[in-house]
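> Sequence:
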Amino acid sequence: MTTQSFGTPRPLWRVVLFSAITLLAYYGYYKWVIQDELRRYNGTGWSGAVSLLPFGLGVTLPLILAWLDPDVPSEFGWFSLPGVIWIYIVQFKLYRTVNRMYRDAGLPAPLVVWWLFIPGLNLIVGLRQIHFLSQFWAMKQQTSIVDPIAKALPVLFAAIAVAIIGLVGLPASGWAVPLQPPVLMGSLFSFTGERPTNLGVNGGFLAPCPTSPNCVSSQSLDQEHQIAPFTYTDSALEAMQRLKTIITGLPRTQIVQATDTYLYAEFTSKLMGFVDDVEFYLDPEAQVIQVRSASRLGESDLGVNRQRIEAIANQFNRPSAASASTASS
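Position in the sequence shown (first residue = 1) + 8 = the numbering used here.
Be careful, since some hints might not be right.
Distance windows between CB atoms, simulated [stated by the list, open to error]:
hint: 1; residue 1: G281; residue 2: A160; range: 19 to 25 Å
hint: 2; residue 1: S277; residue 2: L61; range: 44 to 50 Å
hint: 3; residue 1: L131; residue 2: R260; range: 30 to 36 Å
hint: 4; residue 1: R111; residue 2: L310; range: 24 to 30 Å
hint: 5; residue 1: S277; residue 2: A236; range: 54 to 60 Å
To be clear, the hints were calculated from the coordinates, so they are not data collected in a lab.
Glycine included, every Cβ here is placed at the ideal spot set by N, Cα and C.
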C-alpha cells in the first residue's frame, strides 16, 4: 500500500524569520523544496530545479559577464529580464496549484492569483500562499500549526482580501472583472465567502475541521476543536424538531438544508456580514446529535463558533424546550 507524500507545514512566522536572518537564502530553499513537495503530492508539476534555476541563471548571468570582462556592454543587463519573467510564471502556477488543492479538498480557494502582478498586493498574496499551504499540509496530516502572524493580523487573511477584491475587481478564472459602483460597494461590505463543497455527512461523519482555530466539531479528536455533541432522551423526530425550532428563532440565520437526521444553517455576523457554516447530524443509534460550526473566512473567530454551539446546546437541553416540542407534536 502506497502512502501519499505530504509536504512539511512551514508556518509563516518561521519562513519570514529564517528568510530575514539568512538574507533570503532560506526563502530560496523554501521555494525550491515546496515545488518538489507539490510535485510528489500531485504526481505532476515543475521541480525545484526547473522552477528556480532559470531565474537564478538569468539574474546572475549579467553579473558574471561583467565580472569576467569589464568591457561587457551594460545592455547585457537585459539578460536578467527572462529570469524575472520566469519567476512570475512559476509563482502564477504555484498559486493556482494551491487553489486547486483546496478546491479538491472541498474548501474555498484562498488565493487571488492575479494579485501577483500588482505591486503591494503581490506581497500580500505571497504571504497568504505561505500560510495557506502550511495549513493545507497540517490539515492533511491531522496536526495543528500555530501561526502567530496570522493570529496577530487576521485582517491580512480575511477582511482586507475581500475589501480589496471589491475595490479592484472580482477574480474570474484568476483574472480581474471590473465592478460597477453599486456592486463594488456591496462587495466591499460583504464578507460571505464561498460556500464550502465538503459539507454534509459522509459515512456517519461531518467534514473535519481545518487546522485554523475558527472551527469546532463534536467529532474532532484534538482538544482545540473538540466540543460535546448534543444528547437527547425523547424521540429522534422530536429532537430534530426542537433543534430546528431553536435555529429558526436565532437572528441572521438561514436554514439551507433540513432532513430527519441532518440540518445545515448559515449564520451571518451583524457588523461585517461574515458567514459561518453550522451543521447538525443526528445519530439515532447513539442518541446524539453531532455538531460542526466553522467560519468561512479568516484565521481566528475569537471563540464565536464555540460560544454559539454552547448557547444552542443550553437551549436544546432546557426542560421547557423539550416540553414545548412534545406539546407541539
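> Hint by hint, say whether it matches the structure.
Verification of the hints:
1. For G281 and A160, the hinted distance range of 19 to 25 Å is satisfied, since their beta carbons lie about 23 Å from each other.
2. A C-beta distance of roughly 47 Å is found between S277 and L61, which places it inside the suggested range of 44 to 50 Å.
3. Between L131 and R260 the beta carbons are some 35 Å apart, a value that agrees with the proposed interval 30 to 36 Å.
4. One distance hint, 24 to 30 Å for the beta-carbon pair R111 and L310, holds here, with the actual separation near 28 Å.
5. One distance hint, 54 to 60 Å for the beta-carbon pair S277 and A236, is violated here, with the actual separation near 24 Å.
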